[in-house]
Amino acid sequence: MKMKKFLIIPFIVLLIFGIEAKTSPEEDLTDFRNHFKELFPNTPFSDFANGVYSIDKSSREQWESIEDFPPYEINIENGEELFNEPFKNGNKYASCFENGGIGIRQNYPYFDENKNKIITLELAINNCRKKNNEKPLNYYKGGDMADISAYMAYTSRGNIINIEIPNNMEALDAYEAGKRLYFTKKGQLNFSCADCHVWKSGTKLRADITSPGIGHPTHFPVYRSVAGRLVTLHERYAGCLNRIRAKPYKGQSAEYRNLEYFMTFMSNGLEINGPGSRK
Amino acid sequence: MFYVPSSYSDVIDEGKKLTFERKKGNCLACHMIEDGELAGNNGPPLIAMKARFPNKQDLFNQIWDATEKNPNSFMPPFGKHGILTKKEINKIVEYLYTL
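Sequence lines, in order, name chains A and B.
All you need for our numbering is the position in the first sequence, starting with 1, plus 24.
All you need for our numbering is the position in the second sequence, starting with 1, plus 705.
Extracted from the complex, chain B is given alone in its bound form (with noise of 0.2 Å):
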């Protein structure tokens, strides 16, 4: 179920774009982040994903429904309510991976 990248690099580079992007996954609004500037710290760093999440699965979850794991949870339900599609969903975790 998950992307097959034509080039591994070229998916490293547009799950950054779509995690840093305002309008897209504007995940420094709440985590610090490698190479992110002005990051808000109401949610915690993202560093070290891989060991955190050895399932991309679970990871995949969290950014799809935090809610499923956390009802009260601050960070917004990005696939559930269609903020970002499950590809580019997909493409960020490919991103998270490498930190």
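Next comes chain A alone, as it looks inside the complex (with noise of 0.2 Å):
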């Protein structure tokens, strides 16, 4: 009891001095680590990475086993192909991304100056094919932009995250309304992200452990075997609030795109492990 007690006193601080205050991104990047370093003294820093197997071994041989002949290969494999098509045009979207768009996967999100916006990889995909005067993908439900998405991440798997956040009114603004939500108690249940995946990380929720917040952008989009399929981050993130019983907000809403580079930024020095695999 006294030990839990000891634990949560930073996240105290954190909570008053990351919501009220404001502290810089970098002193909340220190925090969040050190608060899953001290949750889970045993994780190596790269591990969590792993989500959700980081810290529960009972269920991680079950998991290696399946990526060993991981469900979402097929996906990887029509990704490559989609991304290798030209458009009507003749162009293709290699033309669209920094290195031909292979092995950028840990650069996204990131604030574009000239939009004033937070730039996912997602939304990177669908600007690439209006450019090119094709019709958007979905965000949701797997497909194309799912399986595109997959391919991308494949590429870049071993390249560690490295988000920078430029010194920048809006660049911070869409930071701090990232981190707001992900601190905010929200729908009829009343839960914050925070409260399942910072400060009752581990704990069992019935039979359900929850993730560390801490590397979960690095391994999406996920092939989930309840769904059957491929999985986005937004997807994901719509899925937690469903549950909760609070509204969630559209794919690539500016609120999802801001969440995702906190979570994102929160990731940093992780590498890129995307597509992963879950229940």
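Among the hints, a few may not be true.
Dumping the calculated BS3-like pairs for lysine-lysine here, alpha-carbon to alpha-carbon at most 25 Å [unchecked claim]:
{"id": "1", "chain 1": "B", "residue 1": "791", "chain 2": "B", "residue 2": "728"}
{"id": "2", "chain 1": "B", "residue 1": "729", "chain 2": "A", "residue 2": "224"}
{"id": "3", "chain 1": "A", "residue 1": "210", "chain 2": "B", "residue 2": "785"}
{"id": "4", "chain 1": "A", "residue 1": "271", "chain 2": "B", "residue 2": "755"}
{"id": "5", "chain 1": "A", "residue 1": "271", "chain 2": "A", "residue 2": "61"}
{"id": "6", "chain 1": "A", "residue 1": "210", "chain 2": "B", "residue 2": "774"}
{"id": "7", "chain 1": "A", "residue 1": "228", "chain 2": "B", "residue 2": "774"}
Derived from the structure by calculation, the hints contain no laboratory data.
Just so it is clear, the structure is predicted and the values come from calculations on it, not from any experiment.
Assemble the dimeric complex from its two separately framed chains, guided by the hints.
Printed below as a string of structure tokens:
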């Protein structure tokens, strides 16, 4: 009991200073990392990229055997084909991205100083289509968007997330908005993301152990066996919001993009290992 | 103000159902309770309720709105947010008193 209290103190500090007074993103990152280091002293930092399996030995073995024959292999193949198929105008996705779109997942999301907004990889994929007069792809329910995103993550495996927040008021506002959403209680059940993935991370809700909030974006999109398909990060956000009986936002809404910006910044230093597989 | 039972054992049964049902209390999500399977562990086990809450109203209040006592409580404010009615919470309180 004493131990628990001790662990909670830095968070109350984070909560008070993190939300009320403004701390810099770098200070937040240090607090966030230290929290998880203290909460899970046996988890090496790099392992937080593995979500709940970084803290739950009992389910890890089964997961590792699934990853030996990954259920998302066909999605990566399909994503590669789609990625390389020319648009009607002859251009390809490669023309829209740095390094032809290969090995760049770790640079998303970023703050675009011209558009004054956060650009996620999936938004950039649709922006590329728009620029080339193609219809946008659906952000939810798997499909081509998730497959292309999975392929682009796959080509980036092993690259380290290094999100930089420019010293620009609007970039900082986007970060703050994402952080606020993460820490604000919501919905009929009155939970914040942080309630489950920060303070109570590692405890059981019925039979579900809640994963650490550090490292979530590294492995998306994720093949969920319960859905039998890929799920994008924003669809997963919607899933957690539905579960707490809060109204979910639209895929690629400002709310989710800002949230992804905050969460990915909090995952700096971890490797891209997407796509992943989960229950 | 407390529910006056027509049959005490019916009330206990209903209270237990409300406590266990996922769409109602779903208290097992977080608390270990006698007879409950796949219980969570982020709240304290619900045992010796009568001894720990000699005043029924305190128990009712904890379920009605746990944020009253602890603003950061992880426990949903069942009454305040309309997840459970007053009547339902009273039945749950009667059931908890048997634990």
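25 Å limit on alpha-carbon distance, applied to hinted pair residue 228 of chain A and residue 774 of chain B: holds, 23 Å
Pairwise hint evaluation, residue 774 of chain B against residue 210 of chain A, where the allowed Cα distance is 25 Å at most: Holds, at roughly 19 Å.
Pairwise hint evaluation, residue 728 of chain B against residue 791 of chain B, where the allowed Cα distance is 25 Å at most: holds, 16 Å
Straight-line alpha-carbon gap residue 210 of chain A to residue 785 of chain B, limit 25 Å: holds, 14 Å
Given hint residue 755 of chain B paired with residue 271 of chain A - CA-CA distance at most 25 Å: Roughly 38 Å between the alpha carbons, so the hint for residue 271 of chain A and residue 755 of chain B is violated.
Hinted pair residue 271 of chain A and residue 61 of chain A, Cα distance within 25 Å: violated, 32 Å
Hint consistency between residue 729 of chain B and residue 224 of chain A [alpha-carbon to alpha-carbon, up to 25 Å]: OK: residue 729 of chain B and residue 224 of chain A at ~22 Å, within 25 Å.
The structure fails to meet hints 4 and 5 from the earlier list, while all remaining hints are met.
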